[in-house]
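There are 2 protein chains.
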Amino acid sequence: MFREEIKVLDCTIRDGGLINNYQFSDEFVNAVYAACCDSGVDIIEVGKKLCESDEYTRVKYGRWNFCDEDDVKRVIESHECETRPLVAVMYDVGRVDVSTLGSRDQSPFDMIRTACYVADIDKGIDLAKRTKDLGFLTTINIMAPSAAIETDLVEALEQVNASDEVDYLYLVDSFGAFYSEQITSYLDLYKKHAPDKELGFHGHNNQQLAFSNTQQCIIDGVNLLDATVNGIGRGAGNCNLELLLNFLKNPKFDVRPIYKVIQEQFIPLRKEIEWGFNDIYGISGHLNQHPRAAMKQRANEKDQDNCLDFYVECTRLEDGDVA
Amino acid sequence: MFREEIKVLDCTIRDGGLINNYQFSDEFVNAVYAACCDSGVDIIEVGKKLCESDEYTRVKYGRWNFCDEDDVKRVIESHECETRPLVAVMYDVGRVDVSTLGSRDQSPFDMIRTACYVADIDKGIDLAKRTKDLGFLTTINIMAPSAAIETDLVEALEQVNASDEVDYLYLVDSFGAFYSEQITSYLDLYKKHAPDKELGFHGHNNQQLAFSNTQQCIIDGVNLLDATVNGIGRGAGNCNLELLLNFLKNPKFDVRPIYKVIQEQFIPLRKEIEWGFNDIYGISGHLNQHPRAAMKQRANEKDQDNCLDFYVECTRLEDGDVA
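Residue numbers (my numbering), protein chains in the order written: chain S, 1 to 323; chain F, 1 to 323.
With the rest of the complex left out, here is chain S (with noise of 0.2 Å):
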């Protein structure tokens, strides 16, 4: 598949910290930075740019979910790239200070992603908004589409639509839950009420389907492609980068600097932390629900595998007596 306009944008360092709160290594995330900077990767995600406080601080909750300039222009720094990716940085509404954010031209990012549920979409909007009037890139991440309620969708796909402050609107297949078929009829709807955004995807791999819905998407006209280096990600994590830049066939893209820092770098890490495709993940994408659950089970050694277990569960509560 090439299509000039397709840009790929690695969170690596962001949906990965989501695993080990954020404990990466500087020499990692130097890695992880280059790896994207000689692959020709469009737009490089490093963390989350949330508020400090006293219970939320940056020793327990990890340097890039704070992503301070000073931090992310020593990993600029730490590289030499003819021509380097663009620099994302991600927004939780509601978690977040545009107050200390300065104007794109003296900062090190180039894009802030908001992400934001139906509920807040005002918010998120907002905050969109208020970084595009700093110069910045922006996108709208609305999470979980697949449990919202349709009317509740479209209305603030509409009101995405109506804001010109917003480069880009994002499917996310939050929880993993959607086939392509899904994805098709989704994108059909965020086309339908949003026809003036550039669409982006990002989604989990709870069944397998991270890859394959992706390139469902590129199939349906989506130009901006989330992924991350060998998959990493919360739970069963994302689409893998390797696999999408060998689908990809600008030749812009070279895979090599990824199987590079993935042999070197993510291989040992997989010793330490786990992410990718289980049952137990399969199970909750199918159900479509929250990956909460999933996680708390793969985080409890002893039942952590038993997926028959935990599919009776789920589908109990499922069953209980709420009509």
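Treat the hints as calculated values from the structure; they're not laboratory data. One or more of the hints may lead you astray.
Which copy is meant is left open, so a pair is good if it fits within one copy or across any two.
[Unchecked claim] Simulated pairs of lysine to any residue, SDA-like, Cα-Cα distance not exceeding 20 Å:
id, residue 1, residue 2
1, LYS271, GLN304
2, LYS132, GLU82
3, LYS129, GLU198
4, LYS249, ILE6
5, LYS260, ASP42
6, LYS271, ASP305
7, LYS260, PHE66
Given chain S's structure and the hints, the job is docking chain F onto it.
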């Protein structure tokens, strides 16, 4: 997805046995059989039916490489079941002896699946005819069509189409090389040149696409689908049966017995043998190569995760001076 015609074939023992020389315990085989019975799977393939010889012994190559009728009957009798699945066994061209096969009414088998490369299609069709004469359902599984010259493949398809004795023709993604759009284009070729045949699909998971490609086949009208419990199978394995049953909406299927056998049998087995996606198999699939080099790499503990080295080695050979 619900379509009444769709049938699911479990090839857990047959494809899984390629990893461990068919050294499954009786308890394991019986448990897989029981799970298939109780989950409503239509067909179960219990192994290969090859010729034993002084070199090729049951002790070394495992009981389920030979599938003696008595062994198979014992499995069937191990679990009572209202509607039991049909029982299939695989024939490899050149390694079987039809004269030892009784007629279907005296056999535990219902279906003989013949696997062959395009070059051996005449031998494959001959076996299908001879097994059909004995009353069995028959399939031809053309291996590695992704590496066949199209005119040869077309000729093979036309021969299969002209053979009334072949009940099902399989598209086989032997190398785990197909993307969904290629699934569609190969199926178009199969339908054009073998329009009278019911189609089946057997995928491999090198690029995390076995399940999604199976879905693509369903969309494209294929009605016989191979899968294995927990995706067990050679190299990166196959389409996960549990994911597929979740996807299929036919109420005759019940996924719980599959999760039960995973929890009780497959989780312990994972500590002994490896299967499933990793980047070595991903590279092999992307490059449309036979998995033998990838399996060799995985078997070498020191280098098994060196995906950059493997990529460079594989692509260096491809760039070799063979113009």
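Against the structure, the hints:
1. LYS271 x GLN304: For LYS271 and GLN304, the Cα distance is within 20 Å both inside one copy (17 Å) and across copies (14 Å).
2. LYS132 x GLU82: neither (27 Å within a copy, 65 Å between copies)
3. LYS129 x GLU198: Answer is within: at 16 Å inside a copy they meet the 20 Å cutoff, but 56 Å across does not.
4. LYS249 x ILE6: within (10 Å within a copy, 35 Å between copies)
5. LYS260 x ASP42: within (18 Å within a copy, 44 Å between copies)
6. LYS271 x ASP305: both (18 Å within a copy, 12 Å between copies)
7. LYS260 x PHE66: neither (28 Å within a copy, 43 Å between copies)
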